[in-house]
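Here the protein sequences line up with chains E and H, keeping their order.
Each residue of the first sequence is one higher than the last, beginning at 469 in our numbering.
Each residue of the second sequence is one higher than the last, beginning at 469 in our numbering.
Because the hints were derived from the structure by calculation, they are not lab data.
Only a predicted model underlies this, so the values are computations on that prediction, with no experimental measurement involved.
For each residue, glycine too, the CB sits at the ideal point set by N, CA and C.
A couple of the hints might just be wrong.
Below are the DSS-like pairs computed for lysine-lysine, each with C-alpha atoms no more than 27 angstroms apart in a straight line [what the hints assert, rightly or not]: (1) E:K559 - H:K698; (2) H:K632 - E:K559; (3) H:K698 - E:K552; (4) H:K698 - E:K645; (5) E:K552 - H:K553; (6) E:K691 - H:K553; (7) E:K553 - H:K559; (8) H:K645 - E:K553; (9) E:K553 - H:K552.
A short list of chain E residues far from chain H (calculated; beta carbon distances all over 12 angstroms) [as the list claims (entries may be wrong)]: (10) D479; (11) G485; (12) T505; (13) V506; (14) K553; (15) E562; (16) Q586; (17) Y587; (18) S589; (19) E606.
Derived CB-CB ranges, DEER-like [as the list claims (entries may be wrong)]: (20) E:D620 - H:L493: 33 to 43 angstroms; (21) H:D604 - E:R649: 51 to 61 angstroms; (22) H:R481 - E:K645: 51 to 61 angstroms; (23) E:E683 - H:K698: 21 to 31 angstroms.
2 protein chains.
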Amino acid sequence: MRNIKLTIEYDGREYHGWQKQPNRLNIQGEIEQAIQTVIGEKVELIGSGRTDAGVHAFGQVANFKIESDFPIEKIPIAINSQLKKSIRIQKAEEVEENFHSRYHCHKKTYAYIIDNSQYGSAIYRNLTYHVSQPLDVEAMKQGAKYLVGEHDFSSFKSSGTSSKSSVRTIYNIDIMKEQERVVIQITGNGFLYNMVRIISGTLLEVGMGEIPPKEIELILKAKVRQRAGKTLPAHGLYLMNVDFE
Amino acid sequence: MRNIKLTIEYDGREYHGWQKQPNRLNIQGEIEQAIQTVIGEKVELIGSGRTDAGVHAFGQVANFKIESDFPIEKIPIAINSQLKKSIRIQKAEEVEENFHSRYHCHKKTYAYIIDNSQYGSAIYRNLTYHVSQPLDVEAMKQGAKYLVGEHDFSSFKSSGTSSKSSVRTIYNIDIMKEQERVVIQITGNGFLYNMVRIISGTLLEVGMGEIPPKEIELILKAKVRQRAGKTLPAHGLYLMNVDFE
């Protein structure tokens, strides 16, 4: 069996998330269907992880196995021809047979984009989250430092998940001011349900002066969801890339 | 009478252009209606110029006159409260009574954004024009030089306009490669109907190797629309800013 690794960009607005589910438009299902149409084999597309309804990806990674000798260099254009333009296969590579997008995922980077202009951008209104109050980016950076490392992130997860452990490692958090945007970029070995959106919501409150930076340490230690900030909406969140060992 | 100058951002996709017209959603009409609702006066909103259906603006400028002493600093938020989020007033300034957005417009800058990635961006698909063939940006820069200056741009205008003269001055054309995008930015004292989209379409053919750069000079001199390239679609075009004397 050949094992094919895809790098995928999508606009999450039209989809009920990555995961396949009946009667609701989803990214995994759309791509599996496209592969079956062009390659003629029913496949299981294994994503590096789910993204929720409305969340975007520049670099989601997924793999699938086929018997076909369909040329690797023609796979993106062939699959894309069957997809709406809100999903684009950006790359296809043949990888070794034991490669698994979820098990071998080493780290992931997400970005949360805040439009910090006074009145909000008309053009990017659906691709960023607008906050008019000017944010204190230095305070956000200070607060973010407490989250880097291996921690129990129970305070930063929504209920309704079945993860056994709430311990994850965050390798890095960058808070970047780019013109009128504030971008929170987080790299970790894995993320709990809504974790990036809750961390972003909490750091946003730090930036607004509602939470002192050092309180992040206490929120983390409390291991209680209610202590952290609100879950920011999906449309500002992007899965940027996935790294493998 | 107070004279109020607005700087306006809009996502052109939902509108049949700037100009007021019955039974078709347009930007001028939407803003005039919003002003009337919040200030209570029927106004004429004078734009620096029309933008066509589907064209975006980061910095359209328009002015209107009122008797009301409505505080200037509250005007953007008040008007925005009555508008869909695809139009945002970004700035309001009180200007001298004789200021006229169209007559006093000194120069305008438009940008045409080409997504030059292999398969096209899913996320920016409606905000850029996708061309997969890698473009020769140096050739495009060479070709663009022939267009700078005062010229008769008859070769670069669509029919159906009533402009008396086809002579315009282009002050500057920048062709910028920004990651996988190629941005054509043009500053001039005014533009004929579809002029920026036809210039962009012609420079695109230069970038694709279909027209040698120096042929731009011959196309310009021919003063025949058929000699130039195709009119690129509206959704890649942005009115960036308007300068006044």
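Would you check the hint for K645 (chain H) and K553 (chain E), treating anything up to 27 angstroms between C-alpha atoms as holding?
23 angstroms, holds
Regarding the assertion that Y587 (chain E) does not contact chain H, is the least Cβ-Cβ distance greater than 12 angstroms?
5 angstroms, violated
So the hint says 21 to 31 angstroms: do the beta-carbon atoms of E683 (chain E) and K698 (chain H) match that?
The hint (21 to 31 angstroms, Cβ to Cβ) is violated, given that E683 (chain E) and K698 (chain H) are roughly 58 angstroms apart.
Taking C-beta pairs only, is E606 (chain E) more than 12 angstroms away from all of chain H?
Per Cβ check, E606 (chain E) is outside 12 angstroms of chain H; nearest 26 angstroms; holds.
Just to be careful, I want the Cα atoms of K698 (chain H) and K552 (chain E) compared with a cutoff of 27 angstroms; is the pair within it?
Roughly 26 angstroms separates the two Cα atoms, so the pair holds.
What's the verdict on K691 (chain E) and K553 (chain H), does the C-alpha distance respect the 27 angstroms limit or exceed it?
38 angstroms, violated
When you take the CB atoms of D620 (chain E) and L493 (chain H), is the distance between them in 33 to 43 angstroms?
With a Cβ separation near 52 angstroms, D620 (chain E) and L493 (chain H) fall outside 33 to 43 angstroms, so the hint is violated.
When you take the CB atoms of R481 (chain H) and K645 (chain E), is the distance between them in 51 to 61 angstroms?
28 angstroms, violated
Would you check the hint for K552 (chain E) and K553 (chain H), treating anything up to 27 angstroms between C-alpha atoms as holding?
This hinted pair holds, its Cα atoms lying about 25 angstroms apart.
When you check the alpha-carbon spacing of K553 (chain E) and K552 (chain H), does it fall within 27 angstroms?
25 angstroms, holds
Is the nearest CB of chain H more than 12 angstroms from the CB of G485 (chain E)?
G485 (chain E) is indeed farther than 12 angstroms from all Cβ atoms of chain H, at 15 angstroms.
Claimed clearance of chain H by Q586 (chain E), with the beta carbon kept past 12 angstroms
For Q586 (chain E), whose nearest Cβ neighbour in chain H is about 8 angstroms away, the distance does not exceed 12 angstroms, so it is violated.
Going down the numbered hints, you'll see the structure goes against 1, 2, 4, 6, 7, 10, 14, 16, 17, 18, 20, 21, 22 and 23, while the others check out.
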